[in-house]
Structure formats: structure tokens, C-alpha cells
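Visitor: One line per chain: the protein sequences are B and Y, in this order.
Here our numbering runs 80 ahead of the position in the first sequence, where the first position is 1.
Here our numbering runs 1192 ahead of the position in the second sequence, where the first position is 1.
Read the hints as simulated data drawn from the structure, not as lab findings.
A portion of the hints provided could be inaccurate.
What the hints assert, rightly or not - Straight-line Cα separation of at most 27 Å, DSSO-like style, residue types lysine-lysine; simulated pairs:
{"hint": "1", "chain 1": "B", "residue 1": "K157", "chain 2": "Y", "residue 2": "K1279"}
{"hint": "2", "chain 1": "Y", "residue 1": "K1279", "chain 2": "Y", "residue 2": "K1349"}
{"hint": "3", "chain 1": "B", "residue 1": "K118", "chain 2": "B", "residue 2": "K88"}
{"hint": "4", "chain 1": "B", "residue 1": "K157", "chain 2": "Y", "residue 2": "K1195"}
{"hint": "5", "chain 1": "Y", "residue 1": "K1349", "chain 2": "B", "residue 2": "K88"}
{"hint": "6", "chain 1": "B", "residue 1": "K157", "chain 2": "Y", "residue 2": "K1342"}
Stated by the list, open to error - Simulated restraints on C-beta separations:
{"hint": "7", "chain 1": "Y", "residue 1": "E1335", "chain 2": "B", "residue 2": "R127", "range": "10 to 20 Å"}
{"hint": "8", "chain 1": "Y", "residue 1": "E1395", "chain 2": "B", "residue 2": "G104", "range": "24 to 34 Å"}
{"hint": "9", "chain 1": "B", "residue 1": "R127", "chain 2": "Y", "residue 2": "L1331", "range": "15 to 25 Å"}
Claimed, not checked - To give an idea of the interface, some chain B residues facing chain Y are shown, with a C-beta separation under 8 Å as derived from the structure:
{"hint": "10", "residue": "E85"}
{"hint": "11", "residue": "A86"}
{"hint": "12", "residue": "K88"}
{"hint": "13", "residue": "R127"}
{"hint": "14", "residue": "E135"}
{"hint": "15", "residue": "N137"}
{"hint": "16", "residue": "P139"}
{"hint": "17", "residue": "F142"}
{"hint": "18", "residue": "L143"}
{"hint": "19", "residue": "R145"}
{"hint": "20", "residue": "L146"}
{"hint": "21", "residue": "L150"}
{"hint": "22", "residue": "V155"}
{"hint": "23", "residue": "A178"}
Even for Gly, the Cβ is constructed at its ideal location relative to N, Cα and C.
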Amino acid sequence: MKCKEAKKLLSQYTDGILDPVVMGELKSHLGSCESCSKALEALLEMRRRFDLLPEVNAPDDFLQRLHERLDREPVVKRIVKKLFFPLGRKIPLELAAAVSMALVVILLLQALPLSRFKLTLPEETSPMERLPEEVRQAELSEKPPENTAVAPLRAEHEQKIEKARVSEKPREEPEKIIGEPGMSEIVPQKAPAIPEPESLEEPGLKVPAEAPHTTDVRIFLRLVQAEQEEKPEATTMAKKSISEQDMEYGSAREIELILALVNRYSGSVVNGESQDSITFEIPMASYAQFLEDLGKYGQYRLETLTGRIESTAGIEGSTETITVSIELTK
Amino acid sequence: MSKQTEKGEDERLIGDFLIGNKSSFDRLVLRYQNRVVNLCFRMTGDYEEAVDCAQEIFVKVFRSLDHFRFQSSFSTWLYRITVNTCKNRLSSFKYRFHRKMIRLDEIPRTDGDCRTGRNSPNPGQREIVNGSASPADVLERRENEALLQKAIDSLPKTHKAALVLRDIEGLSYEEIGSILGCGLGTVKSRIARARDQLRHTLEGMM
């Protein structure tokens, strides 16, 4: 018998469960092999150590603690059963994970404002976004809108406004904005009235209901020399708060008065205060009253009117502005 | 008490319990609690862990005793539950984390010369009962015990279970086979490997 084989059998040899023939062979090998004899001695020494190991007993209150645990166990078990076995069957972990993921996705979708993504679609916003930039460029260069490349776009936009006006409920406002009977009047030539935000609604363009509160009217006022129109002066001049005689055309006094009027209606100057033109913005809510008061300073003729929306309507935090450029000729 | 008498007594107590006599279960617990706690202690190496594990085992027995089919002896069935519960404990993260902590206030309670724990008058303090051995002898013996337990702890779970059942509980190879659910050859092999590994470990420690 070889040492390797003999060492494998040492464990069973100490237990006395070896076949008598094999045991005889092993005994003869152990008699001649010092290494295997030492291994056997070490094994027996270890077995003696095991026999010396003391028995560890349960504590005295083991049974009492067990009873307490058994009384407590049904409550815990009932809770666990409710949580993990609601239908009397164990829910597969995969199903629980899928349901949890679905809930998380739904919660995330509810938390994000989906309207933001609607308004960024190119076909919805591009026609309306192009126009303001070009018209603004035309305003800054102080060229008549008809002579710029803006004209076709503006005409198209005006058509849209007209369509919107036709579709909306007929307004009761008169075409002429008149301060008082017999007073100077402002006669709009093309589109005198600023369309309500609702009337500008087109497919793909959403204007919130609260838009009028944040809507401004931008007015381009060109002070040009024009022929005085014949009008009855006997009554109107007396009723004017400021006499036209004091208002030299394009004078500093006139500009000052107009700016004061703009300030009174919470407006703001947009483009310069040159001698012959002023561009400013007026809140939509007070636009009609502003025109009426402007009429008290003189008789102006509205030459052009363009309207546009230059805002990303619907996006949280942005301010909606309706900018209308009006060129008035005295 | 012979094994056959013991088996008959167990079956009688189980029968009484199943017909509603709860005190029969208490008697079963009292009969086996020390063996279960001892086996748990040798498997886990921690007394409090062993007691908690033994409690869990008897709760399992209480809940599933009506499924016991009397095909094997109650002790074999109980040992099987004990070994499996201890293996689960050894695999659990809680146990592995706990084993990294050094316990300074608890010394395993053993019969004979040392008591500790909540039942002793001074918890956490040694109380030498047997005055025949000198303190040096006691200390040397305890060091040897600690070394041996440390060597047992270092064994793989399956080898450890076979070794403890054979060398500490004194069960036969056949009983160990039915407890561990493996054949006789496997049991022999596991015990032999465990002893060989343990011998080398102890030689290194010495």
C-alpha cells in the first residue's frame, strides 16, 4: 500500500469502519511508514481534543423565550403573508419588478410638463417665429415696411389675422376709435383693431387664456409732416386738454407728451426717440384707452398695422407678447 | 435510554402534540434543546447566535410538525432542520458582518467550569466552579478549545456539518448520510477531508 492511499484511509481507520482485509494492509503499512504513523497519531490526538470539548447547553429560559417567540411569530407571519403573498401565492420577483418600473415611469411622465414638447414641433412654430425677427429688423432700420422683404410675410400674416377675425364672434367695437364726438379721431386703414389673443389661435399655436394680462402692443409712431385736414375746430379745440396750437409737429413738447402718455399706461419705449418716430409698447388691456387719449393730442392717421406673436407661448416662465407695429401719420 | 426507546418516546410526544396537547411539544424541546444548541454553537461559533438559531429551529419544528411523516426518526429530522438552518445563517450577510465584530463581554457558556450570560449572577464574568483544576490548567484547556473551534469555523459548510455530526455529536455515517441527504461514500469523503484539513490547520496554529 502506498502512503497516499494509506492517508486517505486513516480517517475511516480511526472510526473502525474499514474492511478487515484493507485494515490489515493498512496496519502493516503503518508499521513500516513513519510519516503515515505520525499522521495517524496527529489524527488521534485531534479526536481526543474533540472528546474534551465541553457540551454547550441552552440557557435556562430557553423554553420561555421560545414561547414568547411563538406568540409573536403569527403577527410577523401575517404581515409577511400580506406583503408577499397577497393572493395566497408568492408573487414572482420579476413581476414585482415590472410593476414597480411601470409605476416609476408613470410617475415620471406625470411630473414632466408634456406641453413643452408640443410647442417645439417645427411645423407648429416656424411660420410664426420667422416673422417677428424680420419685421423687427425692418423696424430697426426704420424703413417703411412696404419696401422691405418683410412685406410678403406681413401680408400673409395679415391674411391670417383677417381669417381669424372672420371666424371669431363679431366684435362690437367700432372701426373708428373715437375719443369724443367731434374730437380728433384715429382712423385705421387696414387693421385698426388689435386682435384678441383668442382670435390669433391657429392650428399649432396655443395662446393661454391668461394671455391678455401679459400682452403688449408695440406702436411705431412716425411723426411726419402732413397736410392738415379740414375739420370743425370750433367745438373740438375747446374740449382738448392740450391745444393743437401748442403742439408743434414733431416738437420736443409733443414727444414729451406722448411719452408721458405711454408711461401712464405702463408702456415702454422700444426704439429711440428721434424727432420723427417713436416705437413703444403698450399693454394690450389699455391699448384702446391709450389710442383714445392719443387722439386728444391731435388727429393721427393709422397707415400700417402689422401684428405678430413673438413668444414661445405655453412654455413656463416665458412672457407672451403680441407686438403690433403701427405707423401713424398726423 | 436506547435509540429505539428514544424514538418511541418521540413519536408518542409528537402524536400527543398533534391531537392538541401543547405541553408535549415543550417536553420535546426540553429533550433536544441542549443538543440543538450545542450543534448550532459548533456550526456558528457564537453562543448567542447559536441560541437564536436554536429558537428559530424549534419554531420551524412547531409550525411543520404536522407534516412530519415518521419515515425517519424525529432526531434525524430535527438534525436536518438544524444543519440547514445553520448553513443558511452562515451564508447570511448579517452573520458574516457580525462575525467581523469582536465580542469582549460574552464568553461561551459551557458546562463544568465556566458560566456566563444572562443567567449568571454577574453577566460577562467568569465563574470558576470546579476547584479541582488549577487556573493555569483551565486557561490552557480554554485556549485549546478556542483554537479547535477556530479551526472548525475555518472549514467549508458541508465539511463542517459532516465533521461536527460525526466527531462532536457522535452520529453514525448512515445517520449523517440521511441528515445531509447524501450517500455513504460522500459522507466518508467529506469527513476524511474535513479531518485532514483540520489537522493541518491545527498544526499551523500550534
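Visitor: For each hint, tell me whether it holds in the structure or not.
Guide: Status of each hint after checking the structure:
no.	hint	result
1	K157(B) with K1279(Y)	holds (22 Å)
2	K1279(Y) with K1349(Y)	holds (7 Å)
3	K118(B) with K88(B)	holds (14 Å)
4	K157(B) with K1195(Y)	violated (36 Å)
5	K1349(Y) with K88(B)	holds (21 Å)
6	K157(B) with K1342(Y)	violated (36 Å)
7	E1335(Y) with R127(B): 10 to 20 Å	holds (19 Å)
8	E1395(Y) with G104(B): 24 to 34 Å	holds (29 Å)
9	R127(B) with L1331(Y): 15 to 25 Å	holds (23 Å)
10	E85	violated (12 Å)
11	A86	violated (12 Å)
12	K88	holds (6 Å)
13	R127	holds (7 Å)
14	E135	holds (5 Å)
15	N137	holds (5 Å)
16	P139	holds (6 Å)
17	F142	holds (5 Å)
18	L143	holds (6 Å)
19	R145	holds (6 Å)
20	L146	holds (5 Å)
21	L150	holds (6 Å)
22	V155	violated (13 Å)
23	A178	violated (26 Å)
Of the hints listed earlier, those the structure fails to meet are numbers 4, 6, 10, 11, 22, 23, in rising order.
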